[in-house]
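Student: Listed below, chain by chain, are the residues.
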Amino acid sequence: MIDNNLRVERAIKRISQAQLAEAIGVSRQTIFAIENNKFVPSTELALKLSSYFGKTVNELFWIAD
Amino acid sequence: MNTKSYLLPHYCQNIGRGMMAIGAICTLVYGFIEAEFIEASQQWAIGILFFLGWVLLCLGFMAICLSQEEEEDEYISSLRARSVFIIVVYVFIVNMMQVAFAQFFIRFCSLETNATIQSIFSFFTNVPLISFVYLAIFRGTLYIEKRKARDDRQ
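Going line by line, the protein sequences match chains A and B. Note that this note's numbering gives residue 16 to position 16 of the first sequence, counting from 1, and the numbers run on in steps of one. Numbers given in this note's numbering equal positions in the second sequence, counted from 1, plus 1000.
This is chain A alone, in the form it adopts within the complex (with noise of 0.2 Å):
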């Protein structure tokens, strides 16, 4: 299973899922799927957020034991 801090990293940068999402060019359910573990992203899309949040895939992405 994949787990990430997408929402710990959200709640530094004081934004929103509607912002995250406008600015990754995704729909908020996607991100709130993201974040609650329902939905694992594209490589594309990990790059995406990643880069966003200026922090490598493997810190925002892990495989949970």
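It should be emphasised that the hints constitute simulated quantities derived from the structure, not laboratory data. For glycine and all other residues, C-beta sits at the position ideal for the given N, C-alpha and C. Hints should not be assumed to be uniformly reliable.
Unchecked claim - Interface residues of chain B toward chain A, partial, derived using beta-carbon atoms under 7 Å:
#1 D1073
#2 E1074
#3 Y1075
#4 E1145
#5 R1147
#6 A1149
#7 D1151
Once you've looked at the hints, dock chain B against the given chain A.
Tutor: Structure of chain B alone, referenced to chain A:
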């Protein structure tokens, strides 16, 4: 996005809705003008009206089903894929039941009963109904997801 999308552009949904509306009107007119009130020489006209209505209804549904949503992305595509999977399973089950029932009833029931059962099954496998069920599942899931995302707004 590098992955090629085979879906039609979003505006095709409106074209589909228009086609469906015209198709529905044609079908309704066909329903009101009973064949018995038409002279034998005009039967072809009512046949064309029904055919046109049915084709437009099917094409309209197809256009809506195969068009992108306003903000189509990979998550929405995954919801679409899930809905398609459910519909494929539904069609498989109905078809399997149709064959099984046909094989069973053809031996034990009258031809009339068998024809009724066949028509019930063909109703459950017609294109507009399948498209409608698909849209209901897909749009229903999308609505639930949107609501959940709205509730979680922060």
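Student: It remains to establish, for every hint, whether it holds in the given structure.
Tutor: Here is what the structure says about each hint:
At about 4 Å, the closest approach between the beta carbon of B/D1073 and any beta carbon in chain A falls short of 7 Å, and the interface hint on this residue holds. Because the smallest distance between the Cβ of B/E1074 and any Cβ of chain A comes to about 5 Å, under 7 Å, the interface hint for this residue holds. About 4 Å separates the beta-carbon of B/Y1075 from the nearest beta-carbon of chain A, less than 7 Å, and the hint is met. Interface hint at B/E1145: satisfied, since its Cβ lies 4 Å from the closest Cβ of chain A, which is below the 7 Å cut-off.
Because the closest C-beta pair between B/R1147 and chain A is about 10 Å apart, greater than 7 Å, the hint is violated. Taken as an interface hint, B/A1149 checks out: its beta carbon lies about 4 Å from the nearest beta carbon of chain A, inside 7 Å. Given the 7 Å rule on beta carbons, the hint for B/D1151 is violated: about 9 Å separates it from the nearest Cβ of chain A.
Of the numbered hints given earlier, the model fails hints 5, 7; all others are met.
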